[in-house]
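So the sequences go chain by chain: S and F. Under my numbering, think of the first position of the first sequence as 24, with each following residue one higher. Under my numbering, think of the first position of the second sequence as 24, with each following residue one higher.
Warning: the hint list may mix true and false statements.
[Stated by the list, open to error] Cβ-to-Cβ under 7 Å is the rule here; a few derived chain S residues that face chain F: (1) Glu111; (2) Gly114; (3) Ser115; (4) His124; (5) Thr147; (6) Trp149; (7) Phe289.
[Said to hold, decoys possible] Below, a list of computed lysine to aspartate or glutamate pairs in the EDC-like style, where the Cα atoms sit at most 16 Å apart: (8) F:Lys185 / F:Asp298; (9) S:Lys291 / F:Glu111; (10) F:Lys490 / F:Asp158; (11) F:Lys89 / F:Glu111; (12) S:Lys490 / S:Asp509; (13) S:Lys291 / F:Asp509; (14) F:Lys291 / F:Glu233; (15) F:Lys185 / F:Asp158; (16) S:Lys185 / S:Glu111; (17) S:Lys185 / F:Asp298; (18) S:Lys185 / S:Asp213; (19) F:Lys490 / F:Glu474; (20) F:Lys185 / S:Asp298; (21) S:Lys291 / S:Glu233; (22) S:Lys490 / S:Glu474; (23) F:Lys291 / S:Glu111; (24) F:Lys490 / F:Asp509; (25) F:Lys291 / S:Asp158.
[Stated by the list, open to error] If we take Cβ atoms under 8 Å as the criterion, some of the chain S residues that face chain F in the derived model are: (26) His122; (27) Asp158; (28) Val180; (29) Asp298.
Derived by calculation from the structure, the hints in this document are not laboratory data. Computed from a prediction, not measured in an experiment: that's the story for all the values here. Heads up, the beta-carbon is just placed ideally off N, CA and C, and yes, glycines get one too.
There are 2 protein chains.
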Amino acid sequence: MSEPKLQQHTLPTRRHPVFLAEAGRLLPTLHHAVATPTALVTAVQENGWQARHCGTPAQLMDRVLKTGDEVILDFGTHCVGRLSLCCEPVGSPPDAPAHLHFTFGEIIDEVAEPLTGYDGWLSTSWFQQQDLYLDVLPAQVDLPRRYCCRFVKIRVVATSRKYGLRLRDIRLHTETSAGSTHPAAPATADPLLQQIDAVSVLTLKNCMQEVFEDGPKRDRRLWLGDLRLQAQVNYATFGNNDLVRRCLYLFAGVTREDGLIAANLFMKPEVIADDTYLFDYSLFFIATLADYVAATGDDATLRDLWPTAWRQAELALARVDVQGVVTDGDDWWSFIDWHEQLNKQAASQGVLIYALNKALALAERVDAARVPAIAAGVARLRAAALEHLWDAEQGFFASGAGRQVSWASQVWLVLAEVGDVAFRRALMARLRTEPPAVRMNTPYMMHHYVEALLQVGERDAAVAAIKDYWGAMIGQGADTFWELFDPENPGYSPYGSRLINSYCHAWSCTPAWLIRTFSL
Amino acid sequence: MSEPKLQQHTLPTRRHPVFLAEAGRLLPTLHHAVATPTALVTAVQENGWQARHCGTPAQLMDRVLKTGDEVILDFGTHCVGRLSLCCEPVGSPPDAPAHLHFTFGEIIDEVAEPLTGYDGWLSTSWFQQQDLYLDVLPAQVDLPRRYCCRFVKIRVVATSRKYGLRLRDIRLHTETSAGSTHPAAPATADPLLQQIDAVSVLTLKNCMQEVFEDGPKRDRRLWLGDLRLQAQVNYATFGNNDLVRRCLYLFAGVTREDGLIAANLFMKPEVIADDTYLFDYSLFFIATLADYVAATGDDATLRDLWPTAWRQAELALARVDVQGVVTDGDDWWSFIDWHEQLNKQAASQGVLIYALNKALALAERVDAARVPAIAAGVARLRAAALEHLWDAEQGFFASGAGRQVSWASQVWLVLAEVGDVAFRRALMARLRTEPPAVRMNTPYMMHHYVEALLQVGERDAAVAAIKDYWGAMIGQGADTFWELFDPENPGYSPYGSRLINSYCHAWSCTPAWLIRTFSL
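With the hints as constraints, model all of the structure from the sequences given.
Printed below as a string of structure tokens:
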């Protein structure tokens, strides 16, 4: 799969110190706990890689590891934290350093398969590995980085012929800003939905760090598209609303010179806006602020951030042509989904309408004068979608010069409430009876599909979709929900290898919100 | 080459807290300086690996290193210290960690050749390497270990496609306990001897750390055989006599239960005696103490340590048979030289006599009652050597049941002053005209050969040997003298690969002592 071709955005960024200072004040305290291995496992090939129990952690204490030996530890579930252990020499006094190699895996595949064959376009630096040289033994070691794992493979690359190593006190010091109180279970009596909810909650928890990270393994960054969904799940679970508020101030704190909000931010060594700007993601600032205000009633924050939010609408509307349709592009201008063939025009039209509709609710609270113009804009964009994007013959919205029919286009124009409810319900039904070839690739897109089903009242289909899709991930052993999942193509990755996919990913944690908000 | 078969020494060790406390009080202060790269080089194959100049350090600042790029820095000479550098991102904000790999080489071969093919019996953990993952950029990095190098190869294993790295402020913070004052040049007017002396002094300096290390790359340990020679060079150069005193107390501080001194000590986490005991090395405690007393007149230390020293003689004498000859063994009971075929019996007889002769000088100061017995013992062992080891037909001393004739046997029995001066001078001459097949492999053995030449008054031959042997190392680019050097077999290693040899090794630094003490 080829790398997305990025737009060049040469405009410099502008910092907004008041917003950044407010974000700094909202830096959360991380909560720590200690996880210990629950088993020793081996990786076996059986319908893909499986972890097979081969011993207890206590048995590791009895083993003396020599050059070439390796063990795989299973922490029982997905963890985010820092590893510590004690290495004791056994035999003669250590007459050479000990050299150990650690590999961390969210899934067993990452520690079972050699990483050397990777040839994708994301950096191999994402592979979670660590070499360790110990000059003095015994050694109490704290590995230097935060890792994301259920499995840790430890290979003794070399001791000497005169001594071996015993590994003790292996601990993962976990980190999260989600808080130590686990949210109450949802009302549903369905065991699979309960299970899906629990995995969703753990996914969110492990992504909640100093910001809402997209994935604690990769990219460990604040992306707006992920934030919007995480924030919604958070209102329904941990209720750490200040973390959402912090992230809103962060995005408003560094914008492009013209006010455009970046698709994602880097936090260290200081807050930096990535030079990636996406049409849909910028608009999600409006939606995220609207959801925050709806959840909290915090009009003070709304007054601070409304000008920034509205600026996103203005910049997006500048891309609308005289017919009222968002101009298409052949670069990576809008995200929508990971899909090489997907044309983004129609779905982006939907996102714009969806965001303007959210802006309407906000303007009613703080900028009444602008309400009529926004309402008129929403109506114009909806009409233009029906007039120019609707393909009556096919019964679907079509996107781009090639008039492409995709799931994403339908879903987003339904979420934008284009057409009346009967029209939208028929469209959502047609998706299932006449499925377009351009499918959905991510839990992120699947979430929007389910939300669209619920919007048109198709609760049973929504529950079925959740169970089929997120339930299938659990069936394949997911402790947290994955960034990418195509049940028909288990090796799917937009990055060149499934080993570099994230297996605890923010945008996949939404079932907890869907189940709780819609009382599924 | 096969690994030496070690004796099993099951006796526990005994700690002597008063001695260890004294050694602790003598812990030296390390002196620090900053070394910076003098050039960028590439490694080329021309009669073995050569470093070819390819740029200035300033030019490195202009380069942006991307995934797969590598540079080799040349620090101009051999250094021991800790590396620091600054890594700056160039391009878009770093959207993935930076992964760097460092390889350190005392000689260019170590950074030019892949280390993966190594199959020797020493641990690969001695290869000086470091992986570095930087999550936050720019980063000021202090690598965690002490390294030993002239050359540092830095490979950018991975950045991302959106940014590269600029490396700045690359510094090696050197460490030595030798003191910052460089010893005055020796009196010799010979430029090659001056050069050999300077390289010897740097070799000693870089081995002088918290103890006299055998090699700062490998094994980084206090070995008695090396200490004896380092101490002598030190008296003639840096004059850090307290460091010798410290090492004597360390060896006396942890002995085998029966009082035998170990061949080497580990310093951390506490002083530990290695479970390697060698006949000759234990006896060198006597010689080292005698040399120290001769250099300092420190009778207080002598009184403290004389019982320990004498115990080594007692234990060695227990190995002498009724004929007055040291009993041979088929295990690694005595070191003498790295040589797979070398029989150690005759040379060990020489070492025992040599050490008893040193003990005689010490006993005269503090244990007069024992003098007659020691003198008698020396005479008896010398007579036994002439009677049982001398092979009149061949004109050489023979060793072991196989009556092996080696250089080492002759050299050590000359140093033991077996036979009168004329006999010994003739023997040393015969070595050159009828060279035995079992040759010398190390600068350590070569040192004893030169010392034997000087003992019989062969100054010209001694100077020629120093120039031929140590001069040839300089001719091959040595900045410090090597652990192993066979001019006829440049790849010689007793460990399975010359890459794991030490290229700054204590026992090779003796020309400075020979040149200065004998006014060569």
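These are the hints, each one checked on the structure:
For Glu111 of chain S, the interface hint is violated, since its Cβ never comes within 7 Å of a Cβ in chain F; the closest pair sits about 11 Å apart. Residue-level restraint check for Gly114 of chain S is violated (minimum Cβ-Cβ distance to chain F is 9 Å; threshold 7 Å). A least Cβ separation of about 5 Å between Ser115 of chain S and chain F falls short of the 7 Å threshold, and the interface hint therefore holds. With a least beta-carbon distance of about 9 Å to chain F, the hint placing His124 of chain S at the interface is violated under the 7 Å criterion.
Interface hint at Thr147 of chain S: satisfied, since its Cβ lies 4 Å from the closest Cβ of chain F, which is below the 7 Å cut-off. For Trp149 of chain S, the interface hint holds, since its Cβ comes within 7 Å of a Cβ in chain F; the closest pair sits about 6 Å apart. The interface hint given for Phe289 of chain S is met, as the beta carbon of that residue sits about 5 Å from the closest beta carbon of chain F, less than 7 Å. This hinted pair does not check out: Lys185 of chain F and Asp298 of chain F have alpha carbons roughly 54 Å apart, beyond 16 Å.
Distance hint between Lys291 of chain S and Glu111 of chain F is fulfilled; the C-alpha atoms sit about 13 Å from each other, no more than 16 Å. Among the hinted pairs, Lys490 of chain F with Asp158 of chain F is inconsistent with the structure: their alpha-carbon atoms are about 52 Å apart, more than 16 Å. With a CA separation close to 12 Å, the supplied pair Lys89 of chain F and Glu111 of chain F stays within the 16 Å bound. Taking the CA atoms of Lys490 of chain S and Asp509 of chain S, the gap is near 14 Å; set against the 16 Å cutoff, the hint holds.
For the hint pairing Lys291 of chain S with Asp509 of chain F, the CA-to-CA distance comes to about 54 Å; that exceeds 16 Å, so the pair is violated. Proposed proximity of Lys291 of chain F and Glu233 of chain F is supported: the alpha carbons are some 11 Å apart, at most 16 Å. A C-alpha spacing of about 15 Å is found between Lys185 of chain F and Asp158 of chain F, which places the hinted pair at or below 16 Å, so the restraint holds. At most 16 Å may separate the alpha-carbon atoms for a hinted pair to count; Lys185 of chain S and Glu111 of chain S meet this at roughly 14 Å.
A C-alpha spacing of about 10 Å is found between Lys185 of chain S and Asp298 of chain F, which places the hinted pair at or below 16 Å, so the restraint holds. Taken as a hint, the Lys185 of chain S and Asp213 of chain S pair is broken in the structure, with Cα atoms around 58 Å apart against an allowance of 16 Å. Annotation: proposed proximity of Lys490 of chain F to Glu474 of chain F holds, straight-line Cα distance about 14 Å (limit 16 Å). With a C-alpha separation of about 10 Å, the suggested pair Lys185 of chain F and Asp298 of chain S falls inside the 16 Å cut-off, and the hint holds.
For the hint pairing Lys291 of chain S with Glu233 of chain S, the CA-to-CA distance comes to about 11 Å; that is within 16 Å, so the pair holds. Proposed proximity of Lys490 of chain S and Glu474 of chain S is supported: the alpha carbons are some 14 Å apart, at most 16 Å. Of the pairs offered as hints, the one joining Lys291 of chain F and Glu111 of chain S holds, with about 13 Å between alpha carbons and a cut-off of 16 Å not exceeded. Between Lys490 of chain F and Asp509 of chain F, the direct Cα distance comes to roughly 14 Å. Compliance with the 16 Å bound is thereby established for this hinted pair.
At most 16 Å may separate the alpha-carbon atoms for a hinted pair to count; Lys291 of chain F and Asp158 of chain S meet this at roughly 9 Å. Because the closest C-beta pair between His122 of chain S and chain F is about 4 Å apart, less than 8 Å, the hint holds. Contact between Asp158 of chain S and chain F, as hinted, is supported at the beta carbon level, the nearest pair being about 6 Å apart and thus within 8 Å. Because the smallest distance between the Cβ of Val180 of chain S and any Cβ of chain F comes to about 7 Å, under 8 Å, the interface hint for this residue holds.
The restraint placing Asp298 of chain S at the interface with chain F holds, with a minimum CB-CB distance near 5 Å, inside the 8 Å limit.
Violated hints for the displayed structure, listed by number in ascending order: 1, 2, 4, 8, 10, 13 and 18.
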